[in-house]
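Residue numbers (numbering that gives the first Met the number 0), protein chains in the order written: chain A, 0 to 185; chain B, 0 to 185.
Just so you know, these hints were derived from the structure itself, not from any lab. For each residue, glycine too, the CB sits at the ideal point set by N, CA and C.
Calculated from the model, a selection of chain A residues having no Cβ within reach of chain B, i.e. all distances over 10 Å: (1) 11; (2) 30; (3) 140; (4) 174.
Examples of chain A residues toward chain B, derived with CB under 7 Å: (5) 43; (6) 88; (7) 89; (8) 96.
Okay, here's what each chain looks like letter by letter:
2 protein chains.
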Amino acid sequence: MFEVEVKFRLRDREEAERVREYLERIDAKLLEDVVEEDLYFSHPCRDFSKTDEALRVRALRRGTLEEIFLTYKGPRLGSEAKTRREATVQVDNRDVLLEILESLGFRPVARVRKRRLVYTKENYTITLDEVDGLGYFVEIEVVTDSEDLADRCVRDILNFASTLGLGEDRIERRTYLEMLLEKTIS
Amino acid sequence: MFEVEVKFRLRDREEAERVREYLERIDAKLLEDVVEEDLYFSHPCRDFSKTDEALRVRALRRGTLEEIFLTYKGPRLGSEAKTRREATVQVDNRDVLLEILESLGFRPVARVRKRRLVYTKENYTITLDEVDGLGYFVEIEVVTDSEDLADRCVRDILNFASTLGLGEDRIERRTYLEMLLEKTIS
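Just chain A, same shape as in the assembly:
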C-alpha cells in the first residue's frame, strides 16, 4: 500500500473554519479529534540533523484519555520519497520515560503541539491541524495499492483541494518540525 499525501497551508482560523464547515456539509465523517504533543530529542553523541533521524515522544490526548508513544524515525530513503523506517512502542508513563531518556543523555530540542481533526470522505482522508506557533494546515491523503497510480492520486488530491479553495501555491512540503526549527533559527 502506498500513501500519497499533500499538505496545504491555510491563511487563518476563518479559512480553517470554512474548510471544516465544507467537510461537514459534504458529510465527511469525523474519525479523530485529538491533541498531539510531540517532544523531539537530540542524541547524546550523534547529530540527528546530519543523520536525518529523529526520536520522538508523543502524548496523544482524546478527551481525558492520554496515550504515550516512543518513536524512532530512520533517515529518509531516496531523494523524492517520504519513505523512512519508523518504529513505535506504546509506553505507560510519560514522565518516567522522559526521566529515562534524559538520564541516557537525550535532550529535548523541539516541541510540536497540535489539535488534529481527521475526516474521511470516499477514498480521501482529510486532516485539519491547528499547530501551536505555526497556524492551520490541511493534509489530504489517498491510499493506493500501486505506485503507478501515484500521479493519478496527486491529481485527484489537487482536484479535491480546489473544491476547498486551495490551489497548488498553498502546498507546504516541510514537516512541522522543520518549520518550527527554521522559525527558531531565523
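Got chain A sorted already, so can you dock chain B onto it with the hints?
Below, chain B without anything else, positioned relative to chain A:
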C-alpha cells in the same frame, strides 16, 4: 521504607528443592512464579561499567502472559548502600523496543534469564531463583520503616536463613549481571 535483603548461594537443584519443600511445609505463601529474561545494553558513547549505570529490557512471563519493562538504573549512592535511582516504564512490544534501542546505538551486552518463585512468610519475602548459567539462589528480604533497625533486620534474616541450613559463608553480594560478566571475562 527500607529494604534489607541478603542473597545466599545454593549448592545445587537438590538444595533448592529442599528449600522449596521447607517453605511449603511452614506454609509460606507463593506470591509469584515467573520467568524473567533481562537484556542489558551498552550506551553508544558512555561506558556504563565506569559510570555504574545500567539499561535493561525485561520480559516478565507468567504462564502465557508476557509483560515488557524498560529500566534505567543510576549509579549506586554511597559506598555500602545498595540504594540507586531506578526508573521503569512498561512497553507494549519487545521486538520494536529492541529495534529502537539498537537504531539509537545501544548494544546488548548481557542476558540474564531466571525462573523466580517468590514466597512470603510473616514479615519475610523469600525469593528462590534458578539463573541460567549461574545456578540456584535464595534472597531473603525484610522491609523496615527505620534505617536504625537495619542491623536487627540482618540478624533476623541470618536466623531465618539458618533454619534453611544456610550460613553466612553462603552469602553472595554480587548481582547476577556482575557474576555473569565476571564469568564471561574469566
